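Could you slot chain B onto chain A? The hints should help.
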Amino acid sequence: MNHLSEEELIAHAYAEDDSNAVQQHLLACAECAKAYSALGSDLADIKFAEAPPRDSAYGHRVWESLAGSLPALSYAAAGIALVVCAFLGGRLWEHRHAQTIAQNHVQQHEPTVQQPPQRIVVVVLSDHLDRSERLLVELKHAEGGSVAFPLRDEARSLLEANQICRKNAKQDDDRALSTALDRLDRLLVELANQPDGLNSQTISRLQDEMNVDGLLFEVRVLRSRQAASSTHPKGDTI
Amino acid sequence: MDKNDQAAIGAVLAGDKDAYGALVVGHSARLFRVAFRITGNEADAEDVVQEAFLRGYRKLESFESRSDFGTWIYRIAVRCALNKISGQRMDENSRVGEESNRQQHEVQLADWAAGPERLVLSGEIGAMQEMAMSSLTPTERTAFVLRHIEDCTSEEIASALGIEPNAAKQAVFRAVQKLRRRLAILRVKI
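Chains as they are written, first to last, in my numbering: chain A, 1 to 238; chain B, 1 to 190.
These are computed hints drawn from the structure, not numbers from a lab.
Any given hint could turn out to be false.
[Said to hold, decoys possible] Computed footprint of chain A on chain B; a stretch qualifies when at least three of its residues, placed anywhere within it, have a C-beta under 8 Å from a C-beta of chain A:
(1) 11-21
(2) 34-41
(3) 49-58
(4) 139-148
For clarity, every value in this text was computed on a predicted model and none was experimentally measured.
C-beta: ideal position from N, C-alpha, C; glycine also.
One chain only, chain B, in its complex shape:
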């Protein structure tokens, strides 16, 4: 583990709660990135970061010093993000096609932009992707993000989600299957 992290944890456990600030400052950005990828929403991601650090603080006494704090708090953030989308999973399907969503995905794929036709197409692709993603359960979405974007192994995903490695593998598998089925429509349209 990072020596600075280790020293900060020791200080917090000794009663200096301000020392926790160093850990928050050092790990916030990474937590925000993964939280955003899972929740897909900036405000939610910021909430997740705060909640993760708060939970981390409360559980700090159970943290094993031989572990890596960054990995530990990352897992907590993933759980918080999963809880967030589990509680919020709403009528995403009905949102696909709304103008606001299209604009969001044009920004998402802005690096593709080469002209008006391309922008329209990229917005459509983004909307289709979002629709495909909305067909996933929160666990499948989280597992897929961790596998596809974060390059986590099944064991790491399992550890982060508190499930068995085989269940993590199956969640990724189901996610890919569902996404492929949904995105097949996109290929036909293009």
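In isolation and in its complexed conformation, chain A is listed as follows:
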């Protein structure tokens, strides 16, 4: 007789299986019945803290804190549309003006007074790539010790922005950006989850496993691309 696996027992405990076969087996097999009983006991032992009670005014307080910061919905929708346009523009601009990327990269740092709204959205991604590049450079040259906490904190800070950028890139079917941000995400998660300081072994492992050099190159290329799209309004309005 084949005994039930732990996975099958767990699925049965959570009523995830829809057949009677497991139940029948448990009735016939004392060993599995014992294992199932132990599992049930373990699960029953796992208790969570009750959520602190919220009074009836809680919802109103949440609303009060939110109300002032909500944009008009049409602006919110326009913002989403602008992000999509910005990504599309950036990709097309890369194809049309590849030879001017380096020059445009320099121009990105010029003052942006009275820029149209599209550029503001692009700068958000540019800023994210800029910060990511700095983190990668720091990691590339890190040797352990004092760099540990700034790297970890910066990785945590970048994680959420990276998720938003990844989502937009996927929606836009921008594979180059999406792939690079996926790789960046794995690195950020690794860095963010380091329990203690990064020692030289961990740094070396991350540098190798995550191919920090390659990722840094990709981020720089993407930055250049964003710089090109943000300094050429035509690219944003396609």
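Chain B alone, transformed into the frame defined by chain A:
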């Protein structure tokens, strides 16, 4: 969907952003509960609630009216909570055993309390549970909370986390396995 929710959404989409207040008031408490269970922290849970409603507002135009707003905003809150713990996953292991943590878990299991020995034991159990939970990845923890506490199905967990149902099932399975291994130590000690 609740008719009041439907009316409020219609009003918001028509330009009356104050109508969103009714949705916030009506769903905040539930969102706070699930956010607290996932983050394990009151302040973080409150942040998650606010972020979820803000994201919900921005995405409201993509909300399908045949869906249930409560379910929709709940999923957004779960994602926000997952993001929160993904970004914050720190050295929880090193915290186990600290006095503050022990006190927290004595409160958590206060209904057990029947005397000093019981309180000491409950604090130890709480610390062990927290250590066991800290061994889970953010996705495993979230999936486990949704399955074990919120009674969500694998499909619901998958939908909330944006993963395949089988991946959700596996996340719960791995979580239970890890927790059992860790908590086996507790049984030996007791």
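Cross-check of the supplied hints:
1. Counting residues of the stretch 11-21 of chain B whose CB falls under 8 Å from any CB of chain A gives 7; the rule of at least 3 is met.
2. Check on the stretch 34-41 of chain B: 3 of its residues sit with their Cβ under 8 Å from a Cβ of chain A, so the three-residue criterion for coverage holds.
3. Given as covered by chain A, the stretch 49-58 of chain B passes the check, having 6 residues with a CB less than 8 Å from a CB of that chain where 3 are the minimum.
4. Figure legend: the stretch 139-148 of chain B, annotated as covered by chain A; annotation consistent (3 residues with Cβ-Cβ distances under 8 Å, at least 3 required).
Comparing the model with each numbered hint stated earlier shows that all of them hold.
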